[in-house]
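Engineer: Listed here are the chains, written in short residue letters.
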Amino acid sequence: MISGKEKQMKMILHHFYYFLLICFCFQFFSISIADSEGFKIIVHPDINESVTANDIRNIFLGKKTQWDDHQRIRFVLLTQKKIYQQFLAKYVGKTLYQYRNYWRKKVFTGTGMMPIMFKDCKQTIDYIKRTKGAITFIPTSEKISVDVKEIIIH
Amino acid sequence: MVPNIIILLLNLMIYDIYAFSFEEVQIHGFVSQGFMISDRNNYLANTEDGTFEFNEAGINFSQDFSENFHVGCQFFSRDIGDVGNNEIELDFALADYRLRDTIGFRFGKIKIPHGLYNETRDFDMLRTFIFLPPVYYDISRSTINAMNGICIYGNYQFSTIGNIEYQIVGGSKSIDPESGWSRYMERRGFDITKFDIGYVGCGRFIWNTPVRGLRFGMTGIRVDMEADAEIEFIPIPSVYKITGPDLKYELNNFFIHVSFLEYTLRDLIVAFEYMTFRGDLSIETLHPDLPVIRFGIPVKTDSYYLSTTYRLSDLLEIGAYAAVFWQDSDDKDGKTLASDFLGWHKETALCLRVDINEALTFKTEVHLIDGGALMMPQDNPEGIDQRSALFLSKLTFSF
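Just so you know, the sequences run in chain order E and Y.
Position 132 of the first sequence, counting from 1, maps to 132 under my numbering, and the rest follow consecutively.
Numbers in my numbering are just positions in the second sequence, counted from 1, shifted up by 1000.
For reference, chain E alone in the conformation it holds in the complex (with noise of 0.2 Å):
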């Protein structure tokens, strides 16, 4: 024999069964190809350091602070999404989605706050002329000034 609240529950996992079937549909008529557009990483002129690929990733998590000559290290982020998503993926080992959760966690823990970001790769580039310590990453084919430095990742 059957509850109402039983019946009740039935119908509301079959509803909640055929949403994520919804939405699974849905998904698959979203998926998009990724554009193959490649970056490069520049620093402030005074950077002097061979950096490697573990240090990229240290230094975007907030774990390596300062350069080796004890300079703090300031790191910003561009955020037009398919060069972000392709560093992040390339250097930190996190989908855009995973970074942007891993920030928000210190946030909201208190033992950290947001990077500073940029959406605008002109205002990118004049932050890391301005700023000692500074790092990022923008677009190949941005071109850049002797203000700033390119930098070869080993």
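Hints in this document: simulated from the structure, not taken from any laboratory.
Be careful, since some hints might not be right.
Unchecked claim - For the chain E half of the interface with chain Y, some residues (derived, Cβ under 10 Å), not all of them:
(1) M9
(2) K63
(3) T109
(4) G112
(5) M113
As the list claims (entries may be wrong) - Here chain Y is said to cover these stretches of chain E; the calculated rule only asks that three of the stretch's residues, wherever they fall, bring their Cβ under 8 Å from a Cβ of chain Y:
(6) 12-21
(7) 40-49
(8) 136-150
No experiment lies behind these values; they were computed from the predicted model shown.
Glycine included, C-beta positions come from ideal geometry on N, C-alpha and C.
Chain Y: place on chain E using the hints.
Structural biologist: Using the frame of chain E, we list chain Y on its own:
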């Protein structure tokens, strides 16, 4: 250690900490509203009839006062069944000074490290599931959410074996007698009127291995706890009129340990955690009209879960977990209990998360539960059923 503290104090004096500007304060917050309904058993709230008594809200403020010193605080409010009732609490308030990558200090009210997700357990938008597995069961929140004290933290980078993070916190804490832990003790027949917590120490170590995305870790919490309680239904003659604190309740050698593993492969995250909860509970009657009764109950609770989440797109994420909780790991089959299924709580959950945009998240989740170890008798006066299904949905706005 002493030189480091002196450097910290010097820094505080050197930097112009009075240069406070509202423009430089980061403000973040969130509001969540949930709905729960179950076919049998009231779980954490009056779920059999369906309930909206399930919400959270918080707002936090933080500011950098120098390049390695910041201050933050957060106010939080929640309601889940009889717990919380939307009273505003100070969730954390701390100052953080990072001397080097390998060592930093925090002091104030600090979130307690426990497993992978304890510090973020209240923030629905930061995880896939609405309800975390029983390693983070709601009754434990008041005991292990945050504490007042000093924390030392840092991380060491090694060229070959990866990165090791550590965090050690020492201090004290207070527990509200109306909290979830009191509700758990109600099932043993005690109404806790006052908690007295001694020293609290906890720590976390995480090894981020050279295998990208793989990390192992462990956390431990040590608490000395005493409580006064009134007897509700302990089997004593009913002629005794009971007023005031009638019992002294002591939990000695209280230690919660969690070992965990998390593996991230692009959009897939797999996590496993195993928790042991150990302590010696001793109870002594205090009321002058009562016979002196002293007895001890060893606490040996175990819980583990395996979860997986997968991000399908910017919009959708799915997750599932299987979890087990034993209230007495020496009696996993519940042979000494009135009904054997009161000895365990086995739960499977399936969740769908929809990120409508960066600020708005909707989740819907189903739990199938076998066992009554985490069902409260006071919420289920007509008795506890062995099996129940729970449906949840929640909408969260965050910024």
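Engineer: Closer than 10 Å between Cβ atoms is the bar; does E/M113 clear it against chain Y? Give me holds or violated.
Structural biologist: 5 Å, holds
Engineer: Counting residues of the region 12-21 of chain E that have a beta-carbon nearer than 8 Å to any beta-carbon of chain Y, does the count reach 3?
Structural biologist: Answer holds; 5 residues pass the 8 Å Cβ test.
Engineer: Would you settle whether the hint for E/T109 is holds or violated, based on the nearest Cβ-Cβ distance to chain Y being less than 10 Å?
Structural biologist: 4 Å, holds
Engineer: Does the closest beta carbon of chain Y sit nearer than 10 Å to the beta carbon of E/G112?
Structural biologist: Status holds, d = 8 Å.
Engineer: Examine the region 136-150 of chain E for residues whose CB is less than 8 Å from any CB of chain Y, and state whether their number is three or more.
Structural biologist: violated (count 0)
Engineer: Given that the region 40-49 of chain E was listed as covered by chain Y, double-check it with a C-beta distance under 8 Å for 3 or more residues.
Structural biologist: The restraint on the region 40-49 of chain E is violated, since only 0 of its residues have a Cβ under 8 Å from chain Y and three are required.
Engineer: Using the nearest Cβ pair, does E/M9 come within less than 10 Å of chain Y?
Structural biologist: Since chain Y brings a Cβ to about 3 Å from E/M9, closer than 10 Å, the hint holds.
Engineer: Quick check on the hint: E/K63 CB to chain Y CB, less than 10 Å?
Structural biologist: Holds, because the Cβ-Cβ distance from E/K63 to chain Y comes to roughly 5 Å (cut-off 10 Å).
Figure legend: structure checked against the earlier numbered hints; hints not met, in rising order: 7 and 8.
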